[in-house]
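Take the two lone chains, each set in its own frame, and fit them into one complex as the hints suggest.
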Amino acid sequence: MKKTLFDKVWDSHVVQQVEDGPDILFIDRHMVHEVTSPVAFLGLKNRNIPVLYPERTFATADHNTPTINQHLPVEDPLSANQLKALEENAAAHGISYWGLGHEKNGIVHVVGPEYGITQPGATIVCGDSHTSTHGAFGAIAFGIGTSEVEMVLSTQCIMQPKPKSMRININGELGKGVTPKDVALYIISRLTTSGATGYFVEYAGDVFTSMTMEGRMTVCNLSIEMGARGGMIAPDEKTFDYIQGREFTPTGAAWDKAKAYWDTLHTDEGASFDKEYHFDASEIEPMITYGTNPGMGMGITNGIPNAYAVEGGAATYKKSLAYMGYNEGEDMIGKPIDFVFLGSCTNGRIEDFRAFAEIIKGRKKADNVTAWLVPGSHKVLAAIKEEGILDELHNAGFELREPGCSACLAMNDDKIPAGKYAVSTSNRNFEGRQGPGSRTLLASPIVAAAAAVTGKVTDPRTLL
Amino acid sequence: MAYDKFNVLTSTAVPLPIENVDTDQIIPARFLKATERIGFGDNLFRDWRYNQDDSPKEDFVLNNPRYSGKILVGGKNFGSGSSREHAAWAVYDYGFRCVVSSFFADIFKNNCLNIGVLPVQVSPAFLADIYAAIEEDASTELVVDLPAQTITISSTGASESFDINTYKKGNMTNGFDDIDYLLNIKDSIRDFAANTPL
Ligand code: SF4
Numbered sequence: 001m002k003k004t005l006f007d008k009v010w011d012s013h014v015v016q017q018v019e020d021g022p023d024i025l026f027i028d029r030h031m032v033h034e035v036t037s038p039v040a041f042l043g044l045k046n047r048n049i050p051v052l053y054p055e056r057t058f059a060t061a062d063h064n065t066p067t068i069n070q071h072l073p074v075e076d077p078l079s080a081n082q083l084k085a086l087e088e089n090a091a092a093h094g095i096s097y098w099g100l101g102h103e104k105n106g107i108v109h110v111v112g113p114e115y116g117i118t119q120p121g122a123t124i125v126c127g128d129s130h131t132s133t134h135g136a137f138g139a140i141a142f143g144i145g146t147s148e149v150e151m152v153l154s155t156q157c158i159m160q161p162k163p164k165s166m167r168i169n170i171n172g173e174l175g176k177g178v179t180p181k182d183v184a185l186y187i188i189s190r191l192t193t194s195g196a197t198g199y200f201v202e203y204a205g206d207v208f209t210s211m212t213m214e215g216r217m218t219v220c221n222l223s224i225e226m227g228a229r230g231g232m233i234a235p236d237e238k239t240f241d242y243i244q245g246r247e248f249t250p251t252g253a254a255w256d257k258a259k260a261y262w263d264t265l266h267t268d269e270g271a272s273f274d275k276e277y278h279f280d281a282s283e284i285e286p287m288i289t290y291g292t293n294p295g296m297g298m299g300i301t302n303g304i305p306n307a308y309a310v311e312g313g314a315a316t317y318k319k320s321l322a323y324m325g326y327n328e329g330e331d332m333i334g335k336p337i338d339f340v341f342l343g344s345c346t347n348g349r350i351e352d353f354r355a356f357a358e359i360i361k362g363r364k365k366a367d368n369v370t371a372w373l374v375p376g377s378h379k380v381l382a383a384i385k386e387e388g389i390l391d392e393l394h395n396a397g398f399e400l401r402e403p404g405c406s407a408c409l410a411m412n413d414d415k416i417p418a419g420k421y422a423v424s425t426s427n428r429n430f431e432g433r434q435g436p437g438s439r440t441l442l443a444s445p446i447v448a449a450a451a452a453v454t455g456k457v458t459d460p461r462t463l464l
Numbered sequence: 001m002a003y004d005k006f007n008v009l010t011s012t013a014v015p016l017p018i019e020n021v022d023t024d025q026i027i028p029a030r031f032l033k034a035t036e037r038i039g040f041g042d043n044l045f046r047d048w049r050y051n052q053d054d055s056p057k058e059d060f061v062l063n064n065p066r067y068s069g070k071i072l073v074g075g076k077n078f079g080s081g082s083s084r085e086h087a088a089w090a091v092y093d094y095g096f097r098c099v100v101s102s103f104f105a106d107i108f109k110n111n112c113l114n115i116g117v118l119p120v121q122v123s124p125a126f127l128a129d130i131y132a133a134i135e136e137d138a139s140t141e142l143v144v145d146l147p148a149q150t151i152t153i154s155s156t157g158a159s160e161s162f163d164i165n166t167y168k169k170g171n172m173t174n175g176f177d178d179i180d181y182l183l184n185i186k187d188s189i190r191d192f193a194a195n196t197p198l
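From first to last, the protein sequence lines are chains A and B. Take 1 as the starting number for the first sequence in the working numbering and just add one per residue. Take 1 as the starting number for the second sequence in the working numbering and just add one per residue.
Bound conformation, chain B alone (with noise of 0.2 Å):
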């Protein structure tokens, strides 16, 4: 489905700097029941962010006023494990846009671009530059520049570029999504599955 366009955030930022945080943590698997794309983000980082008996863990950053805004800054290798579209929903339903980490799983970086969650991946030095400006002040703005390709801390002005294919960057930018694009080509590909050999 089309979604929201994306041009420039600037919000404050959620920092979670644990490493390999993968899908099953995002969304359990028990709640990926729900037959349409409807209040994921109650159950995002479910068991991280809730005891057994549904009362909030104090500890965990969610649950911190401290914390809050439209980015979520992870740790290396985050969205691991399970293609689970679910994650990337409940990580928008909560009401984040953007997710930074030094390194993004494949296939949920996928999940994210495909529903207008922009992935940034910055370098590990400026990953730790972001969590420290945060921790020195929560009220940090991180400023995403989708036309630009840069992030920046506004607190200290610190400044990286990011990678994004055009197309992708584009679709972002306009709230297109893949199948607009291939819908227009379905005359291509039919003539090319008459010809495939399986």
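Looking at chain A on its own, in the form it has when it is part of the complex (with noise of 0.2 Å):
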């Protein structure tokens, strides 16, 4: 029978299969963080049961801890608890762990890929609905609820009803200033905040052939924007040339048998999908968001669309509107703000801040704007500073914060107060996501940096 890329990998992880239920499925990597974490551990000690297999299993603090001051103490007496939970339940249960300061430490979908851990043809879950990055190396790779942590932690499998196929093609060639962040915009505003629930995705065509891993990973990463469990992309040499001698792939014999799995891990020609989708690359825009979800987003240059335009309930599309504090038909060019947030684990990586320097680079930072730019990783940090981008963000008026989540879910000390507005290379624009009132743009690096030296919403193509 003729299988996708999705059915082949689901398929060789099935332990069981219940009647009239779940697929029991095997988990081959866990990734663990600090937040969606310790009630599973406690769950844990309730039954007096150990973790099954902590070599599975990969510890990281990123979501609550702090973006300055690393080396001090965290001052938040809940968020330290939290994270010496994290620290002491690793350590009791034998799994690695890489807490703050750790060199390796980061955004828990950043450090997975740079250090190896995730692979193609592999099952991943973490704590975090942003799982879906990984699925950029050809992995099946999803967010899941503590109770879930806490089954994959005592068992490594989890019951979860096999999802249904969809593939989305893009091919052509994007434009100028088009990135990664944009397709996967587009593609959430084509078909809503869900209309790939109960879909895994598979994306396809020469768009995401000719993508970087980085690129790749963002696509990947918004998979869940549109509802979708994960969204994943068939490995190419690409991918095997990326994880190739990082510190988790295997080596020597265990890599040719590996390899072995990994070249057979493409959708068979003529295999069937539940759902089809086919977009044209030049059809597609530097993107931002207008709403106050992810759906709600439109190449930069036009203008906000009426509420007889869009689909579902108009009343809930004012009530957006309204707390944006934006109207039906005005244009988002000129627009004011008030912060830019370059970061996270959608565009918190190496190429994300090399593409922000590239417009910044003999421009200066706008006085009314508050930039936060954020490394997804010590690994990023580090790049950072030996490319030499740190001295021309310093050049541009911009400083450098410590890696971690930061403002895209303003968990820590980084949130944007009350009815300012941020241009953010983060995934969620929800009302209050990146702190209590606050009004978040979802937009690429490259926008991000045009809004930051010009105080507003600028089509980022006149800076290139």
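Careful, some of the hints might be misleading.
[What the hints assert, rightly or not] Quick look at which bits of chain A chain B covers, simulated, 3 or more residues with Cβ under 8 Å:
1) 230-242
2) 328-341
[What the hints assert, rightly or not] Calculated lysine-lysine pairs in the DSS-like style (CA-CA distance at most 30 Å, straight line):
3) Lys162/A to Lys186/B
4) Lys33/B to Lys45/A
5) Lys162/A to Lys2/A
6) Lys45/A to Lys76/B
7) Lys164/A to Lys169/B
Keep in mind the hints are simulated off the structure, nothing from the lab. In this text the structure is predicted, and so the values were computed from the model without any measurement. Beta carbons: idealized from backbone N, C-alpha and C, even for Gly.
And the structure:
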């Protein structure tokens, strides 16, 4: 039978099928962070059971960590307590832990690929919805809740019905200034935030094959924002080049064996999907969001759509625009902004900092803008310094912070104040996501950079 | 952890006719710092429910004395966004045992099932009927019959059936969870693990 990439990976991980129930899926790699794990570890304690495979489990601290003065003790007692809990739980169960200050510390979805924990054909879960990032390597990767974290810690399996399959094909060439982030925001704007709920997505076509691994990660990362369980891209030479030689990547005979498996990981000619979409690369512009969910995005030179033109409830739409302080039909270009956030597991990798630097080089940060530039990991931070990007940032009046999730979810002190506008390279523009009352405009690193130097929403193509 | 058994729930309901209610609204990130599963109900819908000075917002449904009950009725695409199970815990801790919507986000739905809160997906038309019935009379009860897989509006008698797989239904009615099941097949899991390529 002809199989999709997704079928191949899923089917080879099914331990058992429960009659008229879910599949029992074996999980190769489990990433753990401080926020969604403490109650799961407590559950193990209450049941008096150990972690079944500590060597398949990796812990890092990222969601709740400060991004300045990481060498000092964490001030907020609740955050400090949560970090301590993870450290103790990891030690008690023999799990490797890359805590605050550790050279390998960083956002869970940034460090996984950096150290070769993420591999093609693997099943990867984490108590975080953007686990879909790892699908860029041809892995089945998705976010889970805390009960499931406990399930995977204790049994290395989860129970889930097999999702339906969707393929999104984009062929052609992307225009100037159009980045992987724009491709993802474009897809979500077309499908809406629930358009892929119940599906697992494969991205196919020239646009994705010619994308870098970083770009593929950005696209897969955002799969969840259209409701999909996850998204994946078939591994190719670029994938193998990226992972080869990393700490947890197999070597020697183990590499050959793994490689033989990886070479089978592509959708068979003629395999069918439950749903399929085709888009043309030339239709995609640099994107920006104007509302309070990631589906409310548009080409940056367009006007904000009218309520009658959008699918779904006009009341919800109007509530959203009211929250943003925008009106139907207005242009986004020229809208004043207050903050810029470059970072997160969506756009906190080295390539994103390079792109940002490209725009700000030889220019100055606008006086009305507060910019938070947060590398996704220590490895990214080191590369920023090594490549001279830090100097360029300083020359343009920017400061760099220390790695972590930061203003992506504003769990630490990096909160956008109420009523303020932030152009963010992160993934969610929900009400209050970046701080109570904050207003988020999601965009690519170069749209963020253009806003940072002009103080308003600006088409980055005018600065390239 | 094992949870309360769910059988037939008869209760008044709280209407929240907003679409795309995401888990950041259900519980904002700044309340995720606990290391135990207690007290999340106080912060359910925190920023819709309270002003920044902690005074209640009069116009939010949870602050309206007309509405109460163990069933929350939300708009389409309920529970989208973050995977935080804290959202389901907050719903439970506040006192809800069932959430009704015309469409649920996947992870939220799973999280609810895993802690014993029943997600009931109804047709958009039936959802509108529920809102209308509650609007007309806030003391209208809904009857959620899990064994029969039906939901009924008691004031009008209108009823619709809903889907749930047999396995999950069994878990809910017996108060079992997935870990109980998986621990019983640990040997098969170990055998499987020994033969995985990665
Ligand atoms: S950067 Fe944001 S989306 Fe990514 S893991 Fe951290 S909080 Fe989640």
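Ascending list of hint numbers which this structure does not respect: Structure breaks hints 1, 2, 6.
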